[in-house]
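Sequence order for the protein chains is L and F. As numbered in this note's numbering, residues 1 to 58 make up the first sequence, in order. As numbered in this note's numbering, residues 1 to 407 make up the second sequence, in order.
Hints may contain errors.
[Said to hold, decoys possible] Derived CB-CB ranges, DEER-like:
#1 His140/F / Ala41/L: 27 to 35 Å
#2 Tyr8/L / Thr124/F: 37 to 45 Å
#3 Ser132/F / Val40/L: 28 to 36 Å
#4 Glu324/F / Trp31/L: 34 to 42 Å
#5 Asp191/F / Trp31/L: 47 to 55 Å
#6 Glu202/F / Cys42/L: 27 to 35 Å
#7 Gly27/F / Glu55/L: 47 to 55 Å
[Stated by the list, open to error] If you want the footprint, here are the derived chain F segments under chain L, 3+ residues with CB under 8 Å:
#8 157 to 165
#9 343 to 350
[Stated by the list, open to error] List of simulated lysine-lysine pairs, DSS-like, C-alpha gap at most 27 Å:
#10 Lys120/F / Lys22/L
#11 Lys100/F / Lys51/F
#12 Lys2/F / Lys56/F
#13 Lys232/F / Lys22/L
#14 Lys120/F / Lys100/F
#15 Lys232/F / Lys26/F
#16 Lys9/L / Lys321/F
#17 Lys232/F / Lys4/L
#18 Lys22/L / Lys81/F
#19 Lys232/F / Lys58/L
#20 Lys62/F / Lys2/F
#21 Lys9/L / Lys56/F
#22 Lys248/F / Lys81/F
These are calculated hints, taken from the structure and not from any lab test. From a predicted model like this one, the values you see are computed outputs, not experimental measurements. Cβ atoms here follow ideal geometry from the backbone N, Cα and C, with glycine treated the same way.
Given next are the chains, with one letter for each unit.
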Amino acid sequence: MSIKINRYKCGYCGACVGVCPKGAIELVETWVEVDESTCVACGICDRICPVGAIEVMK
Amino acid sequence: MKDRYDVLVIGAGPAGSIAAKTAAEKGLDVLLIEKRQEIGDPVRCAEGVSKEYLKKHVEIDKRWICADLNASYIYAPDGTKIEMAEEISGGEVGYVLERKVFDRALAEQAANAGAEVRVKTRATGLIIEDGSVKGARLMHLGKTYDVRAGIVIGADGVESKVGRWAGIDTSLKPIDMETCAQYLIAGENIDQHHCEFYIGNEIAPGGYIWIFPKGEGKANVGIGVLGSKTGKFKPRPVDYLNKFMEKKFPDARIVEMVFGGVPVSGSIEKTSTNGLMLIGDAARQSDPITGGGILNAMDAGKLAGEAAYEAISAGDVSLQKLEEVYEKPWRTTLGHDIDMSLIVKNCFINLSDEDLNSLAYSLKDVKFERMSLLDLLQALFKANKKLLWDLRVLFKDAAKEVVKNKM
Chain L
1 MSIKINRYKC GYCGACVGVC PKGAIELVET WVEVDESTCV ACGICDRICP
51 VGAIEVMK
Chain F
1 MKDRYDVLVI GAGPAGSIAA KTAAEKGLDV LLIEKRQEIG DPVRCAEGVS
51 KEYLKKHVEI DKRWICADLN ASYIYAPDGT KIEMAEEISG GEVGYVLERK
101 VFDRALAEQA ANAGAEVRVK TRATGLIIED GSVKGARLMH LGKTYDVRAG
151 IVIGADGVES KVGRWAGIDT SLKPIDMETC AQYLIAGENI DQHHCEFYIG
201 NEIAPGGYIW IFPKGEGKAN VGIGVLGSKT GKFKPRPVDY LNKFMEKKFP
251 DARIVEMVFG GVPVSGSIEK TSTNGLMLIG DAARQSDPIT GGGILNAMDA
301 GKLAGEAAYE AISAGDVSLQ KLEEVYEKPW RTTLGHDIDM SLIVKNCFIN
351 LSDEDLNSLA YSLKDVKFER MSLLDLLQAL FKANKKLLWD LRVLFKDAAK
401 EVVKNKM
């Protein structure tokens with residue numbers, strides 16, 4: 001379980017980081033990293049993304 | 001970079017730079033770090049600020065002012081226009097900033113006050129000993145450094161990690177965040193003296209579209225949509241924005257794209273712990289109605305800089321001390337304001353387009369002499385009694401304002 005971020009679509013704004021209930025996402029400079037061991041694939045990040053760059057992998 | 005400072009500020013946006021500057025001016029040894037290689041870039045902001053409040057913090061410098069506004073127009077879903085002209089707020093509406101220049105200027109001011117500034121330097125974790133934050137682990141060009149500090153100030157924005165690392169849950173629910181997209185457009189010769197806002201559930205559910213002039217005929221055209229009203233099977237902010245652009249500016253050239261998440265949660269429960277304070281978007285201090293965060297961030301930065309000095313001078317950086325010197329001062333000032341805004345936000349996000357139209361219709365001929373809460377309430381009272389009931393809490397506040405003005 002984790003999420004996949006389309007980095008060609010991502011605007012590296014950090015909205016997904018702010019809503020992640022597990023703190024599994026980090027905005028490092030101009031890319032987003034996901035800690036797959038913490039991510040529970042809840043999909044809140046997908047919901048908030050202004051461009052739809054996140055795909056939840058169940 | 002040394003291995004010990006009085007104050008370590010993480011994040012060089014307006015909050016962090018003002019905090020670093022304030023603490024350095026008090027004579028503290030300050031390190032201000034920014035994870036990006038360029039301060040102020042990429043921008044995640046509509047860049048509008050109130051003139052009067054900005055002047056409290058900095059001397060206005062033409063290098064970072066793009067437009068000087070003397071009016072704002074609000075459009076209801078049916079096109080009814082509410083015009084708020086210059087005289088409303090004492091001749092001063094707002095400026096549109098160039099954040100890339102503005103943020104750098106603030107960081108330079110912090111540097112001039114004596115703070116050390118390091119870019120492309122990211123915090124990867126906190127040093128926590130005996131239940132107190134004692135510094136942070138930093139990474140710069142692939143190398144890690146342990147930097148100890150009397151106090152750590154987390155100013156790391158909407159994507160803040162610092163609070164979470166210290167055990168403060170700063171995560172926001174979708175209903176507590178506006179998700180935003182913005183284009184800087186050219187080729188439309190936009191009027192440079194007023195800004196526009198468009199509201200309505202069709203065009204921007206739970207948020208609004210803005211047009212802020214950006215100098216030389218250009219403008220920031222952007223949208224915020226409430227997180228709870230968008231998502232996987234619904235249009236995203238960028239979709240709403242494209243739709244608006246097609247209708248309003250079909251021939252515009254998009255010369256910059258901006259995305260962002262804006263906290264609209266109102267004040268969160270906790271913004272400090274032993275040895276640590278959070279400020280700005282990291283502390284979710286942006287305004288729930290407007291989404292404006294710059295001025296609140298600067299206010300909080302100043303308070304935190306002063307608080308750091310008081311706490312370090314007293315040799316006490318415990319949560320208890322920080323509650324006294326930081327939490328309480330910010331909650332009774334800007335915290336109070338954002339909580340009032342939250343009440344209005346919670347009421348507004350439930351209004352239908354019909355409600356908004358009728359409200360705008362009754363407000364359109366109101367001559368706002370000043371944009372005070374009381375004037376607005378009077379107008380609202382005439383417009384919509386149900387709304388008034390929902391906003392009754394604000395009355396106490398307005399009454400206090402009246403008493404204060406009389407005294």
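The hints, checked one at a time:
no. : hint                           : result
1   : His140/F / Ala41/L: 27 to 35 Å : holds (33 Å)
2   : Tyr8/L / Thr124/F: 37 to 45 Å  : violated (26 Å)
3   : Ser132/F / Val40/L: 28 to 36 Å : holds (30 Å)
4   : Glu324/F / Trp31/L: 34 to 42 Å : holds (40 Å)
5   : Asp191/F / Trp31/L: 47 to 55 Å : violated (38 Å)
6   : Glu202/F / Cys42/L: 27 to 35 Å : holds (29 Å)
7   : Gly27/F / Glu55/L: 47 to 55 Å  : holds (51 Å)
8   : 157 to 165                     : holds (count 6)
9   : 343 to 350                     : violated (count 0)
10  : Lys120/F / Lys22/L             : holds (26 Å)
11  : Lys100/F / Lys51/F             : holds (18 Å)
12  : Lys2/F / Lys56/F               : violated (33 Å)
13  : Lys232/F / Lys22/L             : holds (20 Å)
14  : Lys120/F / Lys100/F            : holds (16 Å)
15  : Lys232/F / Lys26/F             : violated (49 Å)
16  : Lys9/L / Lys321/F              : violated (45 Å)
17  : Lys232/F / Lys4/L              : holds (14 Å)
18  : Lys22/L / Lys81/F              : violated (43 Å)
19  : Lys232/F / Lys58/L             : holds (15 Å)
20  : Lys62/F / Lys2/F               : violated (36 Å)
21  : Lys9/L / Lys56/F               : violated (39 Å)
22  : Lys248/F / Lys81/F             : holds (16 Å)
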